[in-house]
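Visitor: Here is how the chains run, residue by residue.
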Amino acid sequence: MHILVNGTRREDLETRHAGRLPGDLLEILGTEFFRAGQLVVGVQVDGTDVTGADRSEWGQRAGVQELALLIQSPGQLLAGSLKVSLEWLPLLRTELSACADRFRLGEDAQAIDALIRVVEGLRLLFLGIGQIQRLLLNQELASSALVEGFQAEIPRLLDEIIVAQEGRDWILLADLLEYDVMDQLSRWEETAAALLEELA
Amino acid sequence: MNPPAFVAAPARSGEPSLRLVGPAGECWVHSAVDPRREAQGQLERLAADGRCLVVAAGGGLGWLARVPAAGPLAGVLLLEPPESPAGLAGDCGAQVLRGSAPELVAEVTRRQLALGWPDLLVVHNPAYGRFFPDWLTGLGQFLPPGRLPSRVGADSGRAARSWPPRTVLMPDSGYFLLREIREALEELGTRVVLVPLRQGRAAAPPGARPGTEADVDYADRLLQAVLAHRPDLLLTVNHLGLDREGRIQDLLASLDVPLAVWYVDSPEYILEDAPCALGEESFLFCWERAWLPRLAQLGRARAWHLPLAGSPGFARAGTPRRDFSLVCGSNQSALRKWRERLDCPARLEGELDSLLEQAVDFSSAALPDDELRGRLEGGGYPGLAAWADSAARRRLASLVVLRATRDDRQRLARRFLDQDFCLHGDAGWRALLPASRVAPPLDYYRELADHYSTVRVSLNTTSRQMPGTVNQRLFDAPLAGSAVLTDWRRDLDELFEPGREVLVYHEPAEALELGLELARDEPARRQLVERARARIRGQHLYTHRLRSLLDCMGTILGRERPGHSLRPAAEKERECTSW
Chain A
1 MHILVNGTRR
11 EDLETRHAGR
21 LPGDLLEILG
31 TEFFRAGQLV
41 VGVQVDGTDV
51 TGADRSEWGQ
61 RAGVQELALL
71 IQSPGQLLAG
81 SLKVSLEWLP
91 LLRTELSACA
101 DRFRLGEDAQ
111 AIDALIRVVE
121 GLRLLFLGIG
131 QIQRLLLNQE
141 LASSALVEGF
151 QAEIPRLLDE
161 IIVAQEGRDW
171 ILLADLLEYD
181 VMDQLSRWEE
191 TAAALLEELA
Chain B
1 MNPPAFVAAP
11 ARSGEPSLRL
21 VGPAGECWVH
31 SAVDPRREAQ
41 GQLERLAADG
51 RCLVVAAGGG
61 LGWLARVPAA
71 GPLAGVLLLE
81 PPESPAGLAG
91 DCGAQVLRGS
101 APELVAEVTR
111 RQLALGWPDL
121 LVVHNPAYGR
131 FFPDWLTGLG
141 QFLPPGRLPS
151 RVGADSGRAA
161 RSWPPRTVLM
171 PDSGYFLLRE
181 IREALEELGT
191 RVVLVPLRQG
201 RAAAPPGARP
211 GTEADVDYAD
221 RLLQAVLAHR
231 PDLLLTVNHL
241 GLDREGRIQD
251 LLASLDVPLA
261 VWYVDSPEYI
271 LEDAPCALGE
281 ESFLFCWERA
291 WLPRLAQLGR
301 ARAWHLPLAG
311 SPGFARAGTP
321 RRDFSLVCGS
331 NQSALRKWRE
341 RLDCPARLEG
351 ELDSLLEQAV
361 DFSSAALPDD
371 ELRGRLEGGG
381 YPGLAAWADS
391 AARRRLASLV
401 VLRATRDDRQ
411 RLARRFLDQD
421 FCLHGDAGWR
431 ALLPASRVAP
441 PLDYYRELAD
451 HYSTVRVSLN
461 TTSRQMPGTV
471 NQRLFDAPLA
481 GSAVLTDWRR
491 DLDELFEPGR
501 EVLVYHEPAE
511 ALELGLELAR
521 DEPARRQLVE
531 RARARIRGQH
541 LYTHRLRSLL
551 DCMGTILGRE
561 RPGHSLRPAA
571 EKERECTSW
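Going down the list, the protein sequences come from chains A and B. Heads up: the first sequence is residues 1 to 200, going by my numbering. Heads up: the second sequence is residues 1 to 579, going by my numbering.
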């Protein structure tokens, strides 16, 4: 099995771990890289991305030809995560705004479709912020305290959105999206920008 | 269950907002944060920058009318269900319409029409959707949320219309002449599209003349037909399918569809006291010259004389079984109606009765207006003269026409009571003539032609609303095989040769003498009928009239609208009055 790390073939690793199944190999290499201050952030098996996938589906597969790993330092990973979260914001803002407008105009059906996309976007942002917070804690950076507020606030807003939706209080829901969620996004934008500057 | 309550609640911005509270919960009607900004955003989102009519289905405090739009708005309508409290929107500058969904849809359509059919910008307040779901769903079937572009605008840029018209639109009420006009147009190679005045459920406005009222969706059907068929002309009879305020006419003008109206009944009866503005795009035709001055007062419309005519469908080859018949109404119910409409004070009833007793002595060669003025001001009717304003005098004139016409018919019928004679008419005649001489009324399309075919001489008296022209019987009876014995009218010899094609009397006594002579001389009677038939078939069918009407319009349109494709010049220059 060929082993590629950040696109470079590593024959030393192939020799050292010859005959192992891909799941076992990932576990061993992950520990080795972690000890060396690197994190495995992406995995491909025979060209298929299995990052985050259930290892039981591919870990015991025999006859694998190639295992490709993407590794990063925690700082690189953190910066990348922050950038990704910032890239999400304009799209999320547009969706929020359109969704609130549709509720206010009484275009319920389109508004509910838009709301599904908004909630999914907020959930992904929440997961991303959670990951960022864990990385900050691992790095023992004081900035982790800045992120904690978002970790509490976003679920609270999602709860309020669900309550308004269940009560069919569409104007309140529009207010939540247009003002409260939008405020949180602006705060996150400032916070993420400050963190990126600190990392740089 | 108690209706939901509207509860005032301040927004975070400090502006007033509103909540709806009911047994099953509550929700915000306007933003809890900033209702002013909310309304501004709604107008921006709808791009309310043109000539738009904003319709808020659930207007609440009227915030949509309180914020300025980017461009001029035709107006803001706040729709409220019947349960919402009056005065909710306060003095916001918008019109608040309260009612059921069908009522509001009709009213919004009327207002849209009155404003020249602007785009509608419809906002559904979601709180009303929760607390008044049936009401908002009902509105949404016709007024869904969003921008509803005016279909008038969508028709701009159309190609020039053709003339003679390829397609003519006709409002259809079932009125008798519409069928003849349609058939004549089709014979001339024109496609006719009928737009029903009423379809399904009728929703006539109160007080509308029977048979003339349109339902609430008529304007929309008309517009759909205009857009779907791109007619070159809208042609109607007696103002059917038009409104007195001129909104439909304005709509047609905005769509560049010329309008022709053929009046075959008194414009006084049809239009009553309404101003009835008609623009210069309107071409009016009137079966009676005496009414042309009245039609000329209708805005900038132009009017021409166009007599009635015959239809080939009336031709019959029956065998005469009766010498004389008279087919006519008694006017009794019309007299009652117009008397109620006059609303004369009880103290003047005596003078009114006396005036109407004298009606039959008014000259039949002119409309009664001048003679009525003379009689009122001559001192014979001091109470009526002092009381009657111009509107009341017009109604008095109508009453004189109706009463004189009835008395003419009654006098003529009485002369023939001893003969082989029958009068077909309404039950009102039973109080005026021996019941044995009164037969039931005849259906114009199903029975009248067959009836004429069995009568040697059809008696005729012309309504006093027609001091110059002739009525439909002059054309129908000869086509069906019956000779016509009619009272004299000024225009008669323009249309027929009296003595050779019709017999003419000046007094009922003369009518009896002429009638008996004709009934006894079958060869002479047959000759009279044949000559009248030939005249009608050669000059007086509805195809002739419609060709004249279209030629007349074509001449004007060709001069004023060069975009129209017209007939060759030689034909174009024909006189409009060439009938």
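Fair warning: there could be bad hints in the mix.
[Claimed, not checked] Chain B side only, calculated, beta carbon under 10 angstroms to chain A, not exhaustive:
(1) ARG12
(2) SER17
(3) ALA39
(4) GLY146
(5) LEU148
(6) LEU255
Hints are computed from structural coordinates only; laboratory data are not their basis. On a predicted model such as this, the values are computed, not experimentally measured, just so you know. Ideal Cβ placement from N, Cα and C applies to all residues, glycine included.
Visitor: The structure should be examined with respect to each hint, and the outcome stated for every one.
Guide: Results of checking the hints against the structure:
no., hint, in the structure
1, ARG12, "holds (8 angstroms)"
2, SER17, "holds (9 angstroms)"
3, ALA39, "holds (9 angstroms)"
4, GLY146, "holds (7 angstroms)"
5, LEU148, "violated (13 angstroms)"
6, LEU255, "violated (30 angstroms)"
In the structure shown, a violation is registered for the earlier hints numbered 5, 6, in ascending order.
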